[in-house]
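I would like the entire structure built from these sequences, with the hints used as guidance.
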Amino acid sequence: MHELSLAQNIVDSVLAEANAKGATRVLELRIEVGELMQIDRRALRFGLKLLMTGPLLEGARLRVNLKRASFRCRRCGAEWDMAEARNQLARVAPSLLVQEPDSRELPLHFFPYLYPAFIRCPKCGSSDASAIEGKDLELTKLAMETRP
Amino acid sequence: MSLKGAIGAAAAGHRLRRIGRVVLVGSGKGGVGKSTVACSLALTLAETNLRTGLLDLDIHGASVPGYLGIGPPVVSGREGLMPKMRRRLKVMSVGFFTGDNPVPMRGGDKAEMISQLFGLTDWGDLDYLVVDLPPSMGDELLASIGLFGEKSILLLVTTPSPASVEVVSRMGRLARDEGVPILGTVVNMAYVKSGRTELFPFGRPSRGRLRRGIGTDLAWAVPLEPALSLRRVDEVLGTGTDFARVFYRIAASVEESGRHASRTRKGDSRPVRERGPS
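Those protein sequences? They're chains S and H, same order as listed.
If you use the numbering used here, the first sequence corresponds to residues 230 to 377, in order.
If you use the numbering used here, the second sequence corresponds to residues 11 to 288, in order.
Just so you know, the hints here were simulated from the structure itself, not pulled from any lab data.
Even glycine gets a Cβ: it sits at the ideal position worked out from N, Cα and C.
Where hints are given, some of them may not hold.
Incomplete in silico selection of chain H near chain S, CB under 7 angstroms [unchecked claim]:
#, residue
1, Ala-21
2, Pro-82
3, Val-85
4, Ser-86
5, Phe-107
6, Thr-108
7, Gly-109
8, Asn-111
9, Val-113
10, Asp-119
11, Leu-130
Not close to chain H: a few residues of chain S, all C-beta gaps over 10 angstroms, as computed [said to hold, decoys possible]:
#, residue
12, Asn-248
13, Thr-253
14, Gln-267
15, Phe-275
16, Leu-279
17, Met-281
18, Pro-284
19, Gly-288
20, Ala-289
21, Leu-291
22, Cys-302
23, Cys-305
Okay, here's the thing in structure tokens:
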């Protein structure tokens, strides 16, 4: 469900960017989805395809790739990946899971920036952990045709 | 191009179009009762048949869920995350997602968190959104001013203590610099009633001092209400005490300010006078 909202917001953002640059047609879109967001990329891609209509977006090539998440402890310098983070996220209290029609999702699915509330350094236990990458949505390519 | 800011802004922009006015409740100082004031004002506005929401932006110390006796889980619907309801009030708080976990979030991430929390919530059509700001003049305040823009008005909260008035005055100056109109100042814990006698355990700030420091002569004296330590805010408001009555007057000024703003250009807000500190 959240993927469809995200798709709508991505399309709105791309249209705003394309219009601001005077584009006549968008040729290609490449999006990187941060692993921490735990987004269903197939659902996101489906939503984007559904919404990419109209003269600017119809027919544009679309790629939705995964950006692996990695973390570093600001205290001891230890680094870890999403597999370790998943172990910790499995302990999130069930009452904090967001209820979707067919599933229950971690708060990070909606608010990836809340990770400091749930992820600790596996080496020293500090809460001062940083998600180095993999917590955002990135538009890595936006190819457009513009007016001559 | 990072989509994070753009996506938060796109979602927030859609929501904001359906909201009449945003009342930022802040002080810059901790422990003055901002959350109690924000909850009480929002509940009073909702009680007077105005469509009202309450957004708790205290990322590190969300207290609105406790004051209103509501908590997780949150349900996701077709149009976004469903706010929790208390009486007629729609409520969203970071605390619904973090429970009793500490949230050691750093500055730069807060603006995005605020934008997403507001933008992903299905507020529907609102006359007023009351925003409970955390005790600082940092990221949360600046992000809120950027997010809510010309729809926002600031309600300052202080205690009678000179130290509190001084910090709140600084916040008032910041708001003026940023072009945010100030509705007025709530002097919280201003007095306590013993029978028919009003006692002023923390002193009495003069109206002149508030005017000089904050630049508005509109102030409300809110009494210490011991029942708040035992009962939910909405239960205390239903008792017809001085505490409840003053929030009807503040709500009336919010409405008056909204009508005034729709008649005049930005920044030209002239608050009406109100009984309050001497």
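Failing hints, ascending?
-> Of the numbered hints, all hold.
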